[in-house]
Amino acid sequence: MPFIPNTNLQRIQMLAEMGLDEDGLFADIPAEMRCKGMNLPEPLAEQELRNLMSALAGRNRTDLISFLGGGFYDHFTPAALDAILSRSEFYTAYTPYQPEISQGTLQAMYEYQSAICRLTEMEVANASVYDGGTAIYEAIMMAMRVTGRRRVIVDQTVNPIYRKMIRSYTHNLGIELVETRPQNGRARRSEILDNLRVETAAVVLQNPNFFGMIDDFTDVAEMTAQHGALSIVSCYPISLGILKTPGEMGVDIVTGEGQSLGLGLSFGGPYLGFMATRKKYMRKMPGRISGRTVDEQGRDGFVMTLQAREQHIRREKATSNICTNQNLCALTALTYLSLLGKQGLREVAQSCADKTGYAKQRLLQVPGVRLKYPDRWHFNEFVLELPARADQVIRRLLQRGVAAGFPLAAYYPDMEMSLLVALTEKRSKADIDFFAHVLEISL
Amino acid sequence: MKLIFDKSIAGRRGVRPVKEELASRADFPEHMLRKRPAELPELAEIDVVRHFTTLSQKNFGVDSGFYPLGSCTMKYNPKVCERVVRYPGFFDLHPLLPQLPSGQTLVEGALEVLYEMDMMLQEICGMAGFTLQPLAGAHGELTGTMIMAAYHRDRGAKKTIMLIPDSGHGTNPASAAIAGFDVKTIPSDDRGLMSMKALKEALDDSVAGLMLTCPNTLGLFNSRVKDICRLIHDVDGLVYCDGANMNAMLGVCRPGDVGFDIVHVNLHKTFATPHGGGGPGSGPVGVVERLLDFLPISVVRKADDGSFYLDYNLPKSIGYVAPFYGSFGVILKAFAYLRMLGGEGLRRVSQNAVLNANYVRKKLEPYFDLPFPQLCKHECVFSATRQKKNGVAAMDIAKALIERGFHPPTIYFPLTVKEAMMIEPTETESKETLDHFIDAMIDISQQADSDPRAVKRCPTNTPVGRLDEVRAARNPDVASVASVASPASAASLPGESING
Numbered sequence: 001m002p003f004i005p006n007t008n009l010q011r012i013q014m015l016a017e018m019g020l021d022e023d024g025l026f027a028d029i030p031a032e033m034r035c036k037g038m039n040l041p042e043p044l045a046e047q048e049l050r051n052l053m054s055a056l057a058g059r060n061r062t063d064l065i066s067f068l069g070g071g072f073y074d075h076f077t078p079a080a081l082d083a084i085l086s087r088s089e090f091y092t093a094y095t096p097y098q099p100e101i102s103q104g105t106l107q108a109m110y111e112y113q114s115a116i117c118r119l120t121e122m123e124v125a126n127a128s129v130y131d132g133g134t135a136i137y138e139a140i141m142m143a144m145r146v147t148g149r150r151r152v153i154v155d156q157t158v159n160p161i162y163r164k165m166i167r168s169y170t171h172n173l174g175i176e177l178v179e180t181r182p183q184n185g186r187a188r189r190s191e192i193l194d195n196l197r198v199e200t201a202a203v204v205l206q207n208p209n210f211f212g213m214i215d216d217f218t219d220v221a222e223m224t225a226q227h228g229a230l231s232i233v234s235c236y237p238i239s240l241g242i243l244k245t246p247g248e249m250g251v252d253i254v255t256g257e258g259q260s261l262g263l264g265l266s267f268g269g270p271y272l273g274f275m276a277t278r279k280k281y282m283r284k285m286p287g288r289i290s291g292r293t294v295d296e297q298g299r300d301g302f303v304m305t306l307q308a309r310e311q312h313i314r315r316e317k318a319t320s321n322i323c324t325n326q327n328l329c330a331l332t333a334l335t336y337l338s339l340l341g342k343q344g345l346r347e348v349a350q351s352c353a354d355k356t357g358y359a360k361q362r363l364l365q366v367p368g369v370r371l372k373y374p375d376r377w378h379f380n381e382f383v384l385e386l387p388a389r390a391d392q393v394i395r396r397l398l399q400r401g402v403a404a405g406f407p408l409a410a411y412y413p414d415m416e417m418s419l420l421v422a423l424t425e426k427r428s429k430a431d432i433d434f435f436a437h438v439l440e441i442s443l
Numbered sequence: 444m445k446l447i448f449d450k451s452i453a454g455r456r457g458v459r460p461v462k463e464e465l466a467s468r469a470d471f472p473e474h475m476l477r478k479r480p481a482e483l484p485e486l487a488e489i490d491v492v493r494h495f496t497t498l499s500q501k502n503f504g505v506d507s508g509f510y511p512l513g514s515c516t517m518k519y520n521p522k523v524c525e526r527v528v529r530y531p532g533f534f535d536l537h538p539l540l541p542q543l544p545s546g547q548t549l550v551e552g553a554l555e556v557l558y559e560m561d562m563m564l565q566e567i568c569g570m571a572g573f574t575l576q577p578l579a580g581a582h583g584e585l586t587g588t589m590i591m592a593a594y595h596r597d598r599g600a601k602k603t604i605m606l607i608p609d610s611g612h613g614t615n616p617a618s619a620a621i622a623g624f625d626v627k628t629i630p631s632d633d634r635g636l637m638s639m640k641a642l643k644e645a646l647d648d649s650v651a652g653l654m655l656t657c658p659n660t661l662g663l664f665n666s667r668v669k670d671i672c673r674l675i676h677d678v679d680g681l682v683y684c685d686g687a688n689m690n691a692m693l694g695v696c697r698p699g700d701v702g703f704d705i706v707h708v709n710l711h712k713t714f715a716t717p718h719g720g721g722g723p724g725s726g727p728v729g730v731v732e733r734l735l736d737f738l739p740i741s742v743v744r745k746a747d748d749g750s751f752y753l754d755y756n757l758p759k760s761i762g763y764v765a766p767f768y769g770s771f772g773v774i775l776k777a778f779a780y781l782r783m784l785g786g787e788g789l790r791r792v793s794q795n796a797v798l799n800a801n802y803v804r805k806k807l808e809p810y811f812d813l814p815f816p817q818l819c820k821h822e823c824v825f826s827a828t829r830q831k832k833n834g835v836a837a838m839d840i841a842k843a844l845i846e847r848g849f850h851p852p853t854i855y856f857p858l859t860v861k862e863a864m865m866i867e868p869t870e871t872e873s874k875e876t877l878d879h880f881i882d883a884m885i886d887i888s889q890q891a892d893s894d895p896r897a898v899k900r901c902p903t904n905t906p907v908g909r910l911d912e913v914r915a916a917r918n919p920d921v922a923s924v925a926s927v928a929s930p931a932s933a934a935s936l937p938g939e940s941i942n943g
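Protein chains in written order, with my numbering: chain A, 1 to 443; chain B, 444 to 943.
Check before you lean on any hint, since a few could be wrong.
Heads up, simulated DSS-like pairs for lysine-lysine below, C-alpha to C-alpha not over 30 Å straight-line [to be verified]:
1) K426(A) / K462(B)
2) K640(B) / K317(A)
3) K36(A) / K462(B)
4) K643(B) / K317(A)
Pulled a few chain B residues facing chain A out of the computed Cβ check, cut under 7 Å [unchecked claim]:
5) L549
6) G786
7) L807
8) E808
From the structure, some residues in chain B lie toward chain A, with a derived Cβ separation under 10 Å [said to hold, decoys possible]:
9) E485
10) K522
11) P541
12) G599
13) S638
14) M639
15) Y763
16) L813
Simulated from the structure, these hints should not be mistaken for lab results. Think of the CB as a built atom: it goes at the ideal place given N, C-alpha and C, for glycine as much as any other residue.
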């Protein structure tokens, strides 16, 4: 049998030593509860499996020239990243319950937390949660614990998928969710302020927002604080290579999707939710945290710490039900940031922004195409207003091998002509020129 | 060992991103830019590779040696599964593609994997449908309890109480609380099973459901589970099976057949995907027919023409629990594993897992207290109470195992056993490995008598000794941040710790 080393002879020996037979192993399960066999596909040898899997992979279109983003981006990943992550001492271990033989994981967690703090200019970070959406939800719950209030403002420029997730999660908890409407593609300050006047726990924003627009939330963070609420900003980590940080804006809780830090798109996961906050809220933060301490001989070492917040001790009174972190994904992000380094991350961010600048200029040369929000800055994504329905244009471009972007009408029904276009450093000038060319002949 | 930040040398470069000359550049106003670059390390590729290789050598994984961590099913993770997820057709696949017009034809292979995985899990668990979206076991519990809440709300029933045995995982009560329920704990009886008397006393119309780990966290199968389900159904409640321990009963007993309404399985336990040092996991949730309408959005379906599509039109659904279709990379590995094993292979998994656990139970019974000495399933739970009389606690035995080259069992869980040591060998371990472990445990039990202080000194052969956890919690140092106060330090001074 695959992956079972014991031979039949060994099994017989073991049973004999125990005075049991094969059936006796399940004597405690009454006959009426036994299952009558399972109808599963026939087992495959490794070679057959690999043939099957490559055939399945071959039926997915990853050959398109893609300008699809929406919060999930196709960045370059260096080969050294794969080499490090294939160390099985990392990936076949579990939660570091025994620190003496888990210093690799624990130090990496601590370094990941530090890297997130340095990137966001925040004071403390946890060792990650599932994804960017659950990170916002956890941040909201945290803000409610800090403020003792149950009203939450979420701006409509926050990724609509995350807003749907927040809605599902808060449904049973008697939380009042208010969505504020943007103006010209950015968070409308006056509407947030109007809503803040009622007992509010948190204001949730995104930077760059779902339309790709960058913003400075210093003013929102300030007015949120004045009303005794916490500001939560979900951000795109690559953009922090050059853009003003949430820490500098005075934001209380920073979250984000870490997929762009070296993780594959992998059809939606596994991803990485990062989360950072101020020191004073550390004990209200959910999730695993690694801390530095010393052993009996005074040597530095790392342990999981502040566990009194967690479910295995607090049970139903825990800060969250989360039991693990996305550890291998966090290690990926740390490794990615270390390989690129201080200068490399800046260059990647600048390259994304430059290509976006070029793409905007080039695509606007196509007759009838304009920018939906021309008066603001875009980091790596922008909304094009087309002279035709975006879904029809996308369909035509797919036939020419280009995934032109995301049709915003899928989540904003009044934006039928709007196309969300994303760039990364992986798209070349030739790709952009080709996109502009096929767009022009498809309109 | 130095932090990676403290190895930084100003001006050194690692991987160089692509450079391309473009006619235009982004031109952000100064006030929108960060004032100083993020203080990431400045290192060459070799520095980074050596740093992480050295860290990896301070870790212990399933590939390093025996890892009988109870309740976690640390079985071998087949290498071919690691390879197939890297196929570009999977690894580079954008999750928004199927949401484009006629986009579902762009991801047919991926949708087929998800659909077939759903089908296989239905067959394994005896359920009518699965969602693959939950991103971990605890996330599966939350999804399952949210489904319970939606079901009762749909029927107009006001049900607020979730029953959970005292031996349940801590995630059970935490998940139920987040789904909006009040938790009522049911004590265990003297055989280690949930007390039927206490259960019956707790039953009334306010009971929304029961969360039961099956087999339970002592590794025991409750032969009255069918009666228990009936009792809960009699008060219009639902029964949730925490399937964390499914490795004990594949092909032997299916949760759906005995009356459970909802089950979650841990792909990272039962179906051999690696634990990743604590994630990513995956915790698909299966439900019976009457709960299908409440599954999260979206659901993969097969059209009459054999093509696959995502169904978003689910008016009674609990909504979105994950951004997309689940932890696809993890699901792929479990899919590959299931396709290699087939039905008979899975049955052999459980037979061998149970055989190995009982073998360890029998062999160690003379040396350690065994509070519940009956036949166990995938794991057995000993107590160090006998050794504790000499001052040797479960923690000390764990450290003595580390000294001898083994990963310790889960200790101090379940909470219902004093000085608990929960041993789950899994089916992927050989008799020789088990015998070595058993010899080590016997050796430790003898040393606990002859020289307890020697046991308490362990481990002495690891990169660090026992660490001061109290200090870590009292005076937390959880991040090294570059000193940002003075501009002069912006280059690459060693980090400064945050002390809370």
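Okay, the hints, checked on the actual structure:
1. K426(A) / K462(B): holds, 10 Å
2. K640(B) / K317(A): holds, 26 Å
3. K36(A) / K462(B): Between K36(A) and K462(B) the Cα gap is close to 62 Å, so the pair fails against 30 Å, i.e. violated.
4. K643(B) / K317(A): Roughly 25 Å separates the two Cα atoms, so the pair holds.
5. L549: Status holds, d = 4 Å.
6. G786: Given a least distance of 4 Å, the restraint on G786(B) holds.
7. L807: violated, 12 Å
8. E808: violated, 10 Å
9. E485: Constraint on E485(B) satisfied, holds at 5 Å.
10. K522: holds, 9 Å
11. P541: holds, 9 Å
12. G599: violated, 16 Å
13. S638: violated, 18 Å
14. M639: violated, 16 Å
15. Y763: holds, 4 Å
16. L813: Where the cut-off is 10 Å and the nearest Cβ of chain A is about 14 Å from L813(B), the hint is violated.
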